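Undergrad: Heads up: the protein sequence lines correspond to chains A and H, in order. For the first sequence, our numbering begins at 14 and goes up steadily by one. For the second sequence, our numbering begins at 1436 and goes up steadily by one.
Treat the hints with care, as some may be off.
[As the list claims (entries may be wrong)] Examples of chain H residues toward chain A, derived with CB under 8 angstroms: (1) K1578; (2) A1585; (3) A1689.
What the hints contain is simulated information worked out from the structure, not anything from laboratory work. Remember, it's a predicted structure, so these values are computed and weren't measured experimentally. A virtual CB, placed ideally from N, CA and C, is assigned to each residue, including glycine.
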Amino acid sequence: MTTATEATERAGPTSKAARRHPIRDLVIKRSLIGILTLVLVSILIFAATQTLPGNAASAVLLNTATPQRLHALEVQLGLTRPAVDQYWTWLVGVLHGNFGKSLANGQPVSTLIGGRILNSLVLVVLAGAIGTLIGVGLGVLAAARRDSVFDHVLSVVALAVTALPEFVVAVVLVIFFAAVVIHWFPAVSVFAPGTPPWSNPRELVLPVATLVIVVVPYVFRMMRASMIDALESDYVQMAQLKGVPKWRILLFHALPNAIAPTIQVIGLTFLYLAGGVVVVEYLFNYPGLGQALVGAVSDRDIPQIQAIVLVLAAFYIAVNILTDVIALAVSPRRRLPRS
Amino acid sequence: MTFSRREFLKAGLAGSLAVGGGGLLSACGTGDTIKAFTTSTAGKPRYGGTLRAGLTGGSTADTLDPVSAITNVDFSRIDNLYEPLIGLTPDAQPVYVLAEEVTPNAKATEWTIRVKQGITFHNGKTLTADDVIYTFQQILNPKTPGSAAAGLASIDLKGMTKLDAYTARIPCSTPFATLAEALAIPGYSDIIPVGYDLSAPAGTGPFKVKSFSPGTQSTFVRYDGYWQPGLPYLDEIVITDYSDQTSQVNALLAGQVDVVNLLSADVISEVQGEGKNILLSAGGGWNPFTMRVDTGTFSDVRIRQAMRLVVDRQQMLDLVFGGFGTVGNDLFGIWAPEYDHSLPQRHQDLDQARFLLKAAGAEDLRVTLVTSDIAQGTVLAAQVFAQQASGAGVTVNVDDVTVDEFYGTNYLKWQFAQDYWFYNFYLPQVSLATLPTASFNETHWDNSRYNSLYAQAIATTDTSLRTELAHEMQQLEYNEGGYIIPFFPPVIDGFGTNVGGLVPSKSGLSLGAYDFKNVWLS
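For reference, chain H alone in the conformation it holds in the complex (with noise of 0.2 angstroms):
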């Protein structure tokens, strides 16, 4: 079923291209209340100007370099210099960008990769399949391993192979049908060109680094010889690093700045008041609780059924994010296709939670819940959660830990936690969280039936199959998992009147994804 497979990217490819054209508005999760908040009155297309962006979650640490980014400020520079072989739609579909065709054998034990012809980097290479393996390698160079290595780590390094000076043929160690998917979460898999150098930083974005100081300013300007006709219509792009909405809030309202990212919805108000406008995206990112399902209190499945069912997610919603949000399940991926929508909603029930506690003999259970600033609203969401949970008389105690803590030598380690993640489709974020070989089993969850069903899901073509096998896995998880997912975030972003061709992104990036290609000023 290799055919069904290349449809589906195919199909993306072309939503892509009406994106890229017409600045089409995507329909989101949420519905009509989202669209209103995207209307932009800055008319049709037009070249030239300087857009400039006000963003927070910058830090010194801050990088070009695209094996190594991890947060989401680093994309807004990342994902217009360099660009992916698959990239999201707004819609969070793959889509073919630099990549003309990604086929798996029949196995799904080996990837032939084809590039697109006559794109250049910005040092003036030629975009070839030598670049595709050197970025490979990069990324998962065992000494220095990028941010995507631990998704791709199925890749059989030494036998990667040339075909042609377009085409290269990547093995895998292991059955890897979702390589596709998993190149396709943006900024984690851009190709570099062969002997990248930081110093001078080369993508084949549609803008090239002029100046960058991290955690302070960066300037980018458009990239002549881009390859996408017509794009993009800026000239320039100069992004300041804000420590703090309120600053970043009055940059927008004084005129400063002609974007913003990452608000939270208490500004939305002021923000329209002031007659600028909010870009409102049903993020797919998923800001989880964890609980380790091994040792410990959790390790008894009453008490963790018990633990989902204190939480009134929309109440949740409505006071970390302003109501605004998608309500989750427990279950992560929400826009993959294999995403289990049949599965019944939870809701709170603080009965049913009494009485699994008190199966498990835990009436009057106390834990404490490790917490950190680390995504937006996480703190607050923990003390909402304490604060429901004392419904069914447990006692929650809230820990709050500096961010370097929390990441610290505990991480991964914690009983009773949270963590951020961007969108990621179901079976790479699998691979990701929640099978024994996992780099991030937060919940060290290891469920031989369903380590088995992956093994079987990411060693056929056949999507029908895998969302069958898919649906099973996300079946164990609804009832034994130890994840709490009350909700997906939104992400809200602020921008002014003269900012034309913002789409909200599902990825769970801020500004449509960063996508600055698509943007004009009037």
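Chain A extracted, bound-state conformation (with noise of 0.2 angstroms):
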């Protein structure tokens, strides 16, 4: 909610060209930090790895992990090396387009995450677009019909879901939709490596709709509040006053001035989903980031964790700038400096 007042606040009365291009300045000063940020959170994740008891090789060896096989595989994977030179030969290596190959097999990381990328991707704009468009809709229509019956259930129904976490939502939908009561969806998304989930679109049905439930409430409420307040505001009541029909004055008088605050909770919404998704693809064996994260972590996997951590980041960082710049866009006071 803060972020977009504050970055206007500090990209606003810098320059004269600030005051031209408030968008593009903000642009490009949130990706220079947002670069600083990638590299900063690598460190960190990698320093983390390495304070952590045990290695890949043991992860890999298990029960057959004589010191001497032991010390065979951390030799074969460079496990020896001192950890600044890890890190660097990492690093020098990313910035040549080269996210380095897996402790675990062997294999390029980008084939191994690549495709998982995408169906992430996939998973969170459906639930975040399709959840945006219903608590969008609900709130609009919660606050026309303010304190009448629709309203207040669905104001504690919502209240209700979000009070409930993802994975319960996502076991009740499994029972009641795919494998106790009716068998109308299938209860895990299962589809061949290098097919795109849209091609089964039957198996994104339920992780979809677990996202899409967690997430409608917040954008519902907010949109609900921010929604009343714009139609207590006086050009509203002016506009009623004139005999504007009641449809006209929701889309075209108060919902573009309510949108802004909504616009930051979809923006956060976003950035949920991109952890959320890690609990649903866990649950319903969706091939995606998160659980790719899982194993990874588990196999200590270290060019893999770093490759999935650096893409949920960037994701966050664009994302991030992304809301400020559609915030800024629908709101033109906010791009004035306040002087």
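With the hints as a guide, bring the two chains together.
TA: Here's what the structure looks like:
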């Protein structure tokens, strides 16, 4: 919520150019900070994996880890080299577009996670888009019929769903729609590696539905609240007095002014989804990034952990920037410096 | 007495053929309850179809390389791609697979291995003695020792010779009467062709690899040139990795997969309630508690015996595996011919435990038990142990570490920890675990009488003499050893009503040791 205003304040009054191109300046500045953040994140993750006991060699060898085998594999994987040296090699590789090879199976990390990035992105975008549309729509309707039975029921249900963690939602959906009561949809999302997720739309239904159910209440509550604010404003009363039809007031007078705070919540929703897919992917066995991350952590596969975390962090940064840009674009007065 | 050994192996072969032909149900140690679990409604064998397996336990570290395979789920692929010289029947008895004859000389210092003729690898190469020699060279390569290297260490690599196209002579640097048994352990000694290339893996098994994405999915297709007549039944196998039992069971119930592995006992009623089947196997795998006998608290034999006496074995099985599985007697190799069933079953005896602890001056004993989620139920078993030990006034601090820390540099050095093993024959298991030269001597057991008994046993081809020697060794372990072996865990798998030909295996591996060549879909 605060990011947009803060960013505007910072980016706003610095120069004449800033006043003329606040959005461009914001994008440039925040991108540079973003890259720095990514480097820091990679250092942090690398340091964290180094402090843990055990390593990829023992994770691979398990109960066949005799000292000799352990040492042979550690040497083979380059784990006996100094940590700084390992990090530097990795960083140089990344700057050349090479994310290294998996410690667990020697395959290039890019081929291991490339398809998974797409799978997760489809899940996040679908759930985010559908959740946003439903949340905004319901929020507008509830605000328009404020204090009606419809409004009260929606608000209570939204509150109740907010209290449910995603794994409960997922389990309930699976019991009802897949495994026990009716067998409409697959209980797990399995598709052959290499096939895009949209070629198996049925497999997407329950994971997307789970995420939609989890995110809709947040968008709905924010939208309802800001819509009510807008509907109580002077310009709406003016429009009503002038006899503008109610649907026009809602869509053309109130909604554009109410959407700005909701955009921040939608942005947060996408950020939440990037993390929330981990649980959902795990439960539905959906071959996405989150599932790969869980596996990579238990394998202590540092190059894969690094690559996935960087992708997630980059997504966070990109969504943050995008949210602020949209928030600026839809509220012209924020683009002006506050003097 | 070379003859008797041969007969022994031949008898095993006959058993295997019966199983291969008819899908015979093996009689299991725990009896009738288990048979009730394995009734299949799939009717007579039928050709064709794709078996969809949903398996847990995989990761991106999975491999198709039989030389370095380790995990239960690795074997699901490897056991169908490759074949060993000697395999295990569902009853855990050795049986010739690729070998036609495996015979030692009188002193057990040299073995002659002859392979069957007319067997081809997936790449078209004919199986010969060269492939046997090549495989041993790969397993025992000192730079990249394979998973089976420790168990086959007695083989003299340089002395191996080819007698004719199908016969190899394998000399041993020390007497090694149990080579045949060591070769029979599932998945560890599969034969690969000379010049084996992991990027195009070729074995002699019933299925060829079509695709393999570690930790995700792999597909296998029928090998039309397979040497066993009429097998396999299936056209294709799709193995999908599952990270979690919940999604795995959901997939089975929703009909998205035909077979699932490594279930816990608490989902049995759910699976059966939804009309699916459970395959329950009395596994010979064992998940011991390991006490170091050489230093620290457990160097006092009275304390070790007290720790063995605090365990209520049946209660532990009830709590960890829903009462399935077999109660253990602190001895391994339960299906081995040398296993000593005459030693009295050890029961919980808290008074005796207190008495021993007092005698050892350790009434208020506090110990740390290092556990990890290394196999099904290990952490829970550790907690149950701590609870039971408190009955004798012993405080057990359960230290739950990550799997990679458990098997990291402290592995084989922990004072008091756990481990898991698949089934192995008695003497080969000793060579891995309870000799000073053993690679995995986690209890640091080094008993001179025991060592000399082993040296005698490994040097004789007389099975009855060997059994006698092995019984005395087990007596020593029973009275002084560092292992607590409270149970042999059950193996619980699930399968759909359309699946036929699954037979419980005593090996400790899932789904009939993943023997999919005998499986059909109705």
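Undergrad: Quick check: which numbered hints come out false for this structure?
TA: Going through the list in order, the structure violates no hint and respects every one.
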